[in-house]
Structures are given as structure tokens and as C-alpha cells.
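> Read off the chains here:
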Amino acid sequence: MAASKKNPMSKALVRRETIAGYAFMLPSLVFFLGFVIYPMVQCIITSFFDATMNREDIFIGFANYAELFQDTVFLGALRNTAVIVIVSVPVVCIFSLWVSSVIYDLKGAACSAFRCIFYLPVVTGSVAVTVVWKWMFNNYYGIFNYVGTSTGLLDKNINWLGDEKYALGCIILILLTTSVGQPIVLYVSALNNVDQSLVEAAEVDGATKIQCFWRIKWPQIMPTTLYILVITTINSFQCFALIQLLTSGGPNHSTDTIMYYIYYNAFKLYRYGYGNAMGVVLAIIIAVLSAVQFKLAKKD
Amino acid sequence: MKKRKIMAMALSCLMVLSAVGCGNDSQGGNASGSATNTNASAGGGTTSQGSTQAEGAEITLWTYPIGKWGDAATVDGLIASFNAAHPEIKVTVEYLDYSNGDDQINTAIEGNQAPDIVLEGPERLVANWGARGLMVDLADLWTDEAKGAIYASVESACKGNDGVYYEYPLCMTAHTMAINRDIFEAAGAMQYIDEASGTWTTDNFIKAVKAVYDSGQANVGAVYCNGQGGDQGTRALVNNLYGGTFTNAEHTEYTANSEENIKALELLLEMEGINYDASIVGGDEINMFCNGTLAMAFCWNVSQEKNNLDKISFDVLPMAFPSTGDPKLCGGIWGFGIFNNGDEAKIAAAKTFIDFMANDEKQAVESVKASSYWPVKDLGNIYEGDDLMTEYSKFVPYMGDYYQVVGGWAEARTAWWNMLQQIGAGTDVKTAVEEFVTTSNAAAKAQ
Chain A
23 MAASKKNPMS KALVRRETIA GYAFMLPSLV FFLGFVIYPM VQCIITSFFD
73 ATMNREDIFI GFANYAELFQ DTVFLGALRN TAVIVIVSVP VVCIFSLWVS
123 SVIYDLKGAA CSAFRCIFYL PVVTGSVAVT VVWKWMFNNY YGIFNYVGTS
173 TGLLDKNINW LGDEKYALGC IILILLTTSV GQPIVLYVSA LNNVDQSLVE
223 AAEVDGATKI QCFWRIKWPQ IMPTTLYILV ITTINSFQCF ALIQLLTSGG
273 PNHSTDTIMY YIYYNAFKLY RYGYGNAMGV VLAIIIAVLS AVQFKLAKKD
Chain B
157 MKKRKIMAMA LSCLMVLSAV GCGNDSQGGN ASGSATNTNA SAGGGTTSQG
207 STQAEGAEIT LWTYPIGKWG DAATVDGLIA SFNAAHPEIK VTVEYLDYSN
257 GDDQINTAIE GNQAPDIVLE GPERLVANWG ARGLMVDLAD LWTDEAKGAI
307 YASVESACKG NDGVYYEYPL CMTAHTMAIN RDIFEAAGAM QYIDEASGTW
357 TTDNFIKAVK AVYDSGQANV GAVYCNGQGG DQGTRALVNN LYGGTFTNAE
407 HTEYTANSEE NIKALELLLE MEGINYDASI VGGDEINMFC NGTLAMAFCW
457 NVSQEKNNLD KISFDVLPMA FPSTGDPKLC GGIWGFGIFN NGDEAKIAAA
507 KTFIDFMAND EKQAVESVKA SSYWPVKDLG NIYEGDDLMT EYSKFVPYMG
557 DYYQVVGGWA EARTAWWNML QQIGAGTDVK TAVEEFVTTS NAAAKAQ
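Each protein sequence line maps, in turn, to chains A and B.
For what it's worth, this note's numbering labels the leading residue of the first sequence as 23, then goes sequentially.
For what it's worth, this note's numbering labels the leading residue of the second sequence as 157, then goes sequentially.
The shape of chain A in the complex, shown without the other chains (with noise of 0.2 Å):
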């Protein structure tokens, strides 16, 4: 403020780049009002109405979300989606970090070769993942029952997606070998970027390898774990296309999920209302875990 009473000139040139800098921004403002902010506004609306297809929606208050805690089959959902987060978002940060820690210090085209290789499920189409794992999983004639009865470890055939006991951990399964490659990718570069002269000057003063790692890598490391961690949680949580294209949500409800049941509640029985308060409590749910995580990353 005292630099603009001095000079005068320099508080429209403040004007200037502001409607600039805003003008700029336009494009994106408008794309994301649109298709971020209208849509969450209209959703939460929608979620206290009773609202379908050609037809007048009629105002419900809180009725959608009544109906979701005395839902026995979006229970379950939330629960298949819970175990879905807490086994893949251990896990897939686990085995990334260490897959990374292994590769990121190998030669250039070595490591280039196994970050392609960890990476490849992800750019490959979900439809093009899940035909190959439905062959494997498949009931007579899949590769996991021809080894397993093959080598005596299976007595006769299992069917993976069509049995409970099995079919959720198969998805499981599968969403590892899809949600491994961006966190590898992050960590070989963020342990790359780690400053290697404190690396040195530990090990000089005597560190062990896993006093380094622990001591000197993972603190610098934390931003990238909490980003993976954040987006590892959101994506478990919204699990989808794997559920559709694999089990339907079954066998006999077994590997519902809440973005499945939104679906076949919005799309197959026209109930959007109660569809858009599931999708509220869904984003309710992931933006106080992220929150937490956030919390807990920042107190590390």
C-alpha cells in the first residue's frame, strides 16, 4: 500500500496484471465451474429429492439419507470399499516404495525398463486388464486353476469371481497391479531427488543402510507419500470399473462397492436422488481420510 501512494503508476500496473492474470485464468474458471463446482452443487441439491426420470422431483429432505443407513446392501458396499481401502492403500504404498527403492538407483535403461513395465496396467485400458484377468480367474479353463491343480496345490478347480470367499480379494488383487505404477514412478523420482551428500556425510558418521533410509531418505520422501496416499485412497475408494466389467457387484453382493451401487441406483433403477446422497457421503468419507492423512503426514 505505501508502494502505491509513492508511485501512482505502479497501482494500475497492479490493475493491469490482475485483469490479465484473471483473464488468463478464464478458461480453466469456467471449465471448472462448470464441470467441477455445478455439478458437486447440483448433486448435493439433488441428494434431498426424490428424483427420476421424466418426472417432477419431489423434495424429500433427508429421507435419501434415512434410507442409506437402513440399506443392508450399501452397508455392505461400504464395508467391501472399507476392506478395499485398507488392504490396497498398505499395500500398494509398500511394495511401490519398495520396488523403488530397489530400482531407482539402477542404470538408466534398467530402471526405465522395470518403471515401463510396473507402469504398463496403468495405460492399458481397464477393459483390456480385466479380459486378461477374467481368462486367468476364469472358472474351467484359467490359467491360476490349471497351475494350482496342475501342481497338487488346488484339489479341483476354484471359481475366483463367482465364489465370496474369493471373488473381493481377486479384485483386490487386480487393483494392486493397476494402482502400483504412478506411485512407482513418483518414488523413483523422489528418491532420486534426495540430497545425497547428507546420504554420504550419515554414512560416513556410520549410519547403517536402514538407519539412512529411515533417518535421511524417508523424511524427504514424506511429501510424495502423503500425495500417494491421498490419491491410492481416492481411487480405492472409487474402485468401479473393475467391479462392473468382472462380478456386478457379486456373487450375492460380495464385491458391491459404493461407486457400483451409485451406478446401478442412478443408472439402472433411475434413482438419482438416492444415488447423489450416496455420492455425498462418499465424498464425505474420502475428504476426512484425506484430512486425516494430511494431519498425520504434517505432525510427522
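Some hints could be false.
[To be verified] Pairwise CB distance ranges (calculated):
1. Asp471/B to Lys187/A: 52 to 58 Å
2. Asp253/B to Gly170/A: 29 to 35 Å
3. Ala150/A to Asp471/B: 33 to 39 Å
4. Ser148/A to Ser371/B: 36 to 42 Å
5. Ser353/B to Ala150/A: 43 to 49 Å
6. Ser172/A to Gly536/B: 44 to 50 Å
7. Tyr141/A to Glu341/B: 49 to 55 Å
8. Lys462/B to Ala150/A: 23 to 29 Å
9. Ser148/A to Asp543/B: 38 to 44 Å
[Unchecked claim] If you want the footprint, here are the derived chain A segments under chain B, 3+ residues with CB under 8 Å:
10. 63 to 71
11. 122 to 133
12. 159 to 170
13. 174 to 186
[Claimed, not checked] List of simulated lysine to aspartate or glutamate pairs, EDC-like, C-alpha gap at most 20 Å:
14. Lys290/A to Glu266/B
15. Lys178/A to Glu426/B
16. Lys187/A to Asp584/B
17. Lys601/B to Asp72/A
18. Lys290/A to Asp253/B
19. Lys601/B to Glu89/A
20. Lys178/A to Asp370/B
21. Lys178/A to Glu428/B
22. Lys419/B to Glu406/B
23. Lys246/B to Glu266/B
24. Lys290/A to Glu279/B
25. Lys290/A to Asp259/B
26. Lys290/A to Glu567/B
27. Lys315/B to Glu409/B
28. Lys601/B to Asp93/A
29. Lys550/B to Asp471/B
30. Lys290/A to Glu214/B
Think of the hints as simulated: they come from the structure by calculation, not from any bench.
Ideal Cβ placement from N, Cα and C applies to all residues, glycine included.
Position chain B relative to chain A; hints supplied.
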């Protein structure tokens, strides 16, 4: 600074232009279409052709893969014939599949971009979109002459509970099952089959499955229940075994909890060689039948045999479902419906298209042939000399009640395969069936 100003101005102009572009598009999705649309009135969707002119209209046809109606080359030929007679109407075609076709149409409906014509069956055109008030009344196509010609059972399926005609039918079939004749013959199971009529009794079905299983074929058949794909096969199997029904005759209530159906479901559960398989749908079952993994397919019709000829290396024998009396096969009826997009010219053009495809003396035969099914009225023997079609035509008289127009159909279909999954996982059959009926009847009442 000037450069920034110019850039900011250019960006603003870009945004305004894109907004205008969006605005135009949202007014009907045909903004880029020909000027021939300009005569279309934006009226409120009356149902008769009246004096509205179809001339110069541009209409969209979305078709599910009903035989060759899912094949662009075939449909292009049909459209070319139409345009030879009606050059003033331009038809744009979009091809749907059964995996996400419904989602595509529902998304289009919500975005006010629904197609003008859709080719599918009464369960969608009548019981779903028709019941929701999205379709045009086709009463003026259902002339007395048409009513007299089209089979009565087909006519009733094309009408909603409100008596309005939402579909004009083109073709029909009776869904069958099929057996691998080579495997059955090797197992000595052909003695249980009336090959000439393609029928068998429930007792003989049990004996045949046992014989095939005992011959070393561990997987004789699969009660597939991963999803709704091909579920007409499992419904027909269960209903036929002991003469059960899926709904009442009025199509107002689900009756799958009858003693006959429970007995059938228990029988299938006990039979060695028949698996309740929650990992496959009808399409997977067909593939497994065609590659010899399964000895019988419950999801079958003439199209499956035609489409899979190059994959099949054995003799396929189409069969009616085993029953204690006359088999009652699940029917498929396909025809045209018109979405009420509020444009009288387009509605009139769409009716002209349907009338040509389904009623024109020469064209109707070609339209039906493209479906690989049978006409819904007497068009003579359109498949003369075609042995395969002749073989399958014997099943058409076995077509049973077309109950798929019952309320709550979407929820009931899901509840059906969920019920089969429960039974396969060990839930008591009666409990699972009661839950199915309760869920489905609640959905029917809510609609």
C-alpha cells in the same frame, strides 16, 4: 502490456464463442445438420401424424444388435432402400450393444438428446421408456389392417398398461437352448431326446445330464448368474422344468415363488454336472458352449448359431427347454419406438421410416431377414431354402407368455441373478426365492 491485453481479449472472445457454441448444441444437437430441419415445428408432441410434413427431416436411429441390425453394412443397405423411396428424409444410425446401450440412451434422454427412433423390444420401449412417458403413441401405425395381420400375442406386448402402443413390431423369435450333439451321442444320451420336435421331458433331461456327466463331461451346463446378460435362458429353464410361471397372466405380480419354481431350482442345485456359476453371464456361456467346455447352452437362439458358425466344430442341436408338458419358450419381440423429442416433423419422418421398414411389401421381408428372426405377421416363407432357419422355425409355436412388460422389470432382473447367486452360495432356495419375489413386487408396485 499491449500483448497481454490482446491475449486477454482473445481468450475472452474464445470463451464467448465456445459458450455460444454450447448454447447452439444444447438446442437439439442438430445445429450442424442441414437446413432441412428449419421447417420443424417445436410443438408439444402430439401423437398423430396429422398434417405435419416429414419432408426434409433428419432423424436418428439407434439400434441394438438384433441380428444384422447391428451390422453397419447391412443397415446401410436398408437405409439406401428407404432413401430410394424417401430421399427427403435423412437417417443417421448409431449402433448400441447390450452392455451399455441402456446407459447411452438414458444419458441421451437426460441430456435431451434422445434418438428419434430406437429398435428394441417391449421390455424397454413399452415397460420402461413408454411407461415413463418418453415415447410417442404409435396408434396411427396400428391400423385395423395392421392389427389384423400382426399376431395377437405380439400386439398385446407392444401396448403399455395404459393401452397406448409404444412399439411397432418387426420381428420375433423364441429363445431356445442347445446341446452338443456329439457329446450327447458319445454319452448315449440321445435316447432321451425327441430330435424331430426338439423337445424333451424333465425326467429325460435329468437322465440325459446324468449320462453325459457319467461319460466324463464334468461341466454339462451352467446356471450362469454373473449379471443379467442372457437371463431369459435361466428363467425359461426354471419355469419350464415343472411348469412354473414368472408373473401372473395380467403381468402385475411376480410369481416365481411357486412350488414348481422352487422344485426346479432345487433340482438344478442337486444335479451333478449343472453348476450355479456366478462368474459368467449368458455371453460367456455361449462362448463356453461353442468351444466345447459346456455340453449345453441355456442362452441360445438361431442368431447365436449363425454368429458362431466359424467357432463351432461340433453338431449343434437346438432344443426346447425340458418340461412336464408343452414347453413355453421365452419370446423375443423387436420393433421400433419413437422418442418424443417434441418435433412433429421428425416424429412424422420417423413414422414414415417405420412404416416403410415394417409394412412395405418388399422391404418388410428384407428388414426381417436382416434380423435373422421371424416376421410378426404372415409374410410367407421368407427363409425358403434356408435349412438353419427352417430347423429353428419349429420352435416359434412354443413361444410362451411375453411377461417382460411387468412393472419393476429392471429391479427384478437384477434380483433374479442375485437370487441365483444366493442359491449357488448355499442360501435356502425358498428363502432366496421369497426375497426375490418381495423385492420385485415392491418394485412393480412402486413404478
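> Which hints, by number, does the structure contradict?
Checked against the structure, the hints that fail are numbers 1, 6, 10, 11, 22, 23 and 30, while the rest are satisfied.
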